[in-house]
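Asker: Here are the chains, one letter per residue:
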Amino acid sequence: MKPTPFDLSYLPETPSQTAGPYVHIGLIPAQAGFEIFANNFTGDIVTPNTKGERIVIEGRVFDGAGHIAKDVLIETWQANAAGRYNHPADRQDRALDGSFRGWARTGTDFETGIYTIRTIKPGSVAGRRGRKAMAPHVNFWIAARGINVGLATRMYLGDEDAANADDPVLNIIEQPERRKTLIAPKSVRDGRTIYTFDIYLQGERETVFFDV
Amino acid sequence: MTPDAEFHQRDRSIHPPAYTPVYKTSVLRSPRIPLWSLQNSLSEVTGPMFTPDELGSLDNDLVLNYAKTGQPVGEQIIVHGYVLDGNGHPIRNTLVEVWQANAGGRYRHRNDTYIAPVDPNFGGCGRMLTDDVGHYFFRTVKPGAYPFRNRVNSWRPAHIHYSVFGSGFAQRLITQMYFEGDPLIPHDSILATIPDKSAAERLTARLDLNAAKPLECLAYRFDIVLRGRRQTLFENKLQGS
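Line by line, the protein sequences give chains A and B.
First residue of the first sequence: 1, per the working numbering; consecutive thereafter.
First residue of the second sequence: 1, per the working numbering; consecutive thereafter.
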């Protein structure tokens, strides 16, 4: 019999279950159709005091048949403009931004399937164990009906070619073609900087998802 | 970052695989290419933190947090437990969010069209931070079972959805809690996505008579375990800061 963590007295993780079709009730109640909390977590995480270049991240999520998934929860986690995470495990000698937590939450729209996150462009963060810097990126976590375990991926910025080419995480992905699934092209619309990050759950263009 | 902030590798055998035809919606929403294994960097060992002032005083009381003309219909219950990591240490000040159907099995959601009525006094969501020993609790009404479109006669056992953060984004977890003794549990297609029966059983809350309020309401106990970090000493520093 194979040894299990039980033998070493580790506690086994609680199993994941799908977020289901009504995830909005608990996490983004306004999208479910009602107001309940005085303070809501949203996809707009920039305040007037936040330092950094304002950007918009938007995109859609596609299933294996090419349908747009319109009930998906999207969360993002990123460093501030100086490249530091607002968390005690990040001990880099860089400035914290008290007006920026770095975490956003939104859902894909029931009609259009588009999600929108308003944030700032993250700085480059030191790589694993302080080694080579990682290119600026935004960590994504998505959950939805039909997704049994939340999916982790990263969005890199389409205008950071040099940093992306040198990124230690992109470079562990064996096929260069698949790295492109993580790179969001940049455009400008109505004076706003947009990064378009479409996520493909399955199929020929399947996004790279990580076992973190 | 020091190496001891890293998480233990996730034991995927206790989780449902992505592709589970018993739950039809997973078929087209499951990645088919193996996940790329990523050694933890700062991006994975850090994660959002929350403070008590972000929450309202009734956020963990689903009996009162949407009450308009009176209290919601149904059996009032307390649900409580601990959020621990794989090393058995409490995860303090972490955000726990819950959502559920009302006593009739109907969700307050624009896409739910089940025949059971919406309860005007029940929103169906709550949230709280764990305390200094990792404990959380909330009050609600016991949710009803309801049918869903999977096979022609698929029903969900009564359940409460949970979202938990932990102290790093790689611990992020969404799951569902079931109730001890529910006869629908062995028939549920969502629970059936978990191949390991003992893992599935850990999603069932136990009746906790000692936590019940006599002459007022029953209680259920549901503990949650998130992944541990490689060294526990560091975690104490992390949580205390």
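Everything labelled a hint here was simulated from the structure, so no lab data went into it.
Please note that the accuracy of each hint is not assured.
As the list claims (entries may be wrong) - If you anchor each label on the Cβ, the simulated ranges turn out as follows:
#	chain 1	residue 1	chain 2	residue 2	range
1	B	P17	A	R178	16 to 22 angstroms
2	A	R129	B	Y114	47 to 53 angstroms
3	A	G33	B	G88	37 to 43 angstroms
4	A	T193	B	G88	34 to 40 angstroms
5	A	R129	B	P147	33 to 39 angstroms
6	B	E75	A	T193	47 to 53 angstroms
7	B	P17	A	E177	41 to 47 angstroms
8	B	R230	A	S187	48 to 54 angstroms
As the list claims (entries may be wrong) - Within a straight-line C-alpha distance of at most 30 angstroms, the following computed DSSO-like cross-link-like pairs (lysine-lysine) qualify:
#	chain 1	residue 1	chain 2	residue 2
9	A	K51	A	K132
10	A	K70	B	K142
11	A	K121	A	K186
12	A	K51	A	K121
13	B	K213	A	K70
14	A	K186	A	K132
Claimed, not checked - Chain A is nowhere near these chain B residues, computed Cβ spacing over 10 angstroms in every case:
#	residue
15	D59
16	Q76
17	I115
18	D132
19	A145
20	P183
21	P186
22	L207
23	L218
Quick reminder that beta carbons are idealized off the backbone N, C-alpha and C, glycines included.
Asker: Tell me, which hint numbers fail for this structure?
Answerer: 4, 5, 7, 8, 13, 15
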